[in-house]
Amino acid sequence: MIIRLKLATSFLLGTLAVSAGAFAQNEDAWLHDGQLLLNNITVIDGLGHAPEPMRDVLVKDGRVARISVAGVIKNLPEGTRRIDGSGLTVLPGLIDSHVHIANVGFKPDEIMRRDLAGMDRALRAHLYAGVTRVLELG
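First residue of the sequence shown? That's 96 in the numbering used here, and the numbers climb one at a time after it.
Keep in mind that the hints were calculated from the coordinates and are not lab data.
Don't take every hint at face value.
[Stated by the list, open to error] Listed next, the in silico SDA-like pairs over lysine to any residue satisfying Cα-Cα at most 25 Å (straight line):
#, residue 1, residue 2
1, K155, G129
2, K169, G182
3, K155, G225
4, K155, P172
5, K155, L183
6, K169, I190
Can you make the complete structure from the sequences, with help from the hints?
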């Protein structure tokens with residue numbers, strides 16, 4: 096079963112992953128209900144093209160709506176969250192195709208238990224590392 100990680104309307108999920116250093120700056124910045132504009136960030140498209148520095152990435156409804164040269168996107172609605180992406184990079188979310196997030200032990204009585212808080216922590220740790228999809232192997 097593929098588990099799609101979901102947290103608020105963070106553009107990271109199913110779309111792009113951002114370097115973990117940005118989370119250390121302000122984790123709440125990525126959990127935003129409105130539009131989000133990442134200014135002056137480097138974009139790696141995952142298709143083999145060279146990284147594109149000095150780009151703006153506009154996120155609407157949790158999805159990338161537009162990528163352009165830095166400074167081109169104007170007239171954004173009031174409340175649009177702006178984050179300085181200088182020195183940061185965005186890239187397509189990674190997939191971990193072999194995880195055991197639901198397991199809490201190896202003894203028969205442990206295997207049947209599910210540690211939901213621990214599973215949440217594990218999924219968030221994957222997200223912070225740029226992994227937006229996992230394949231749970233039990």
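Unmet hints by their number, sorted upward, for this structure | 6
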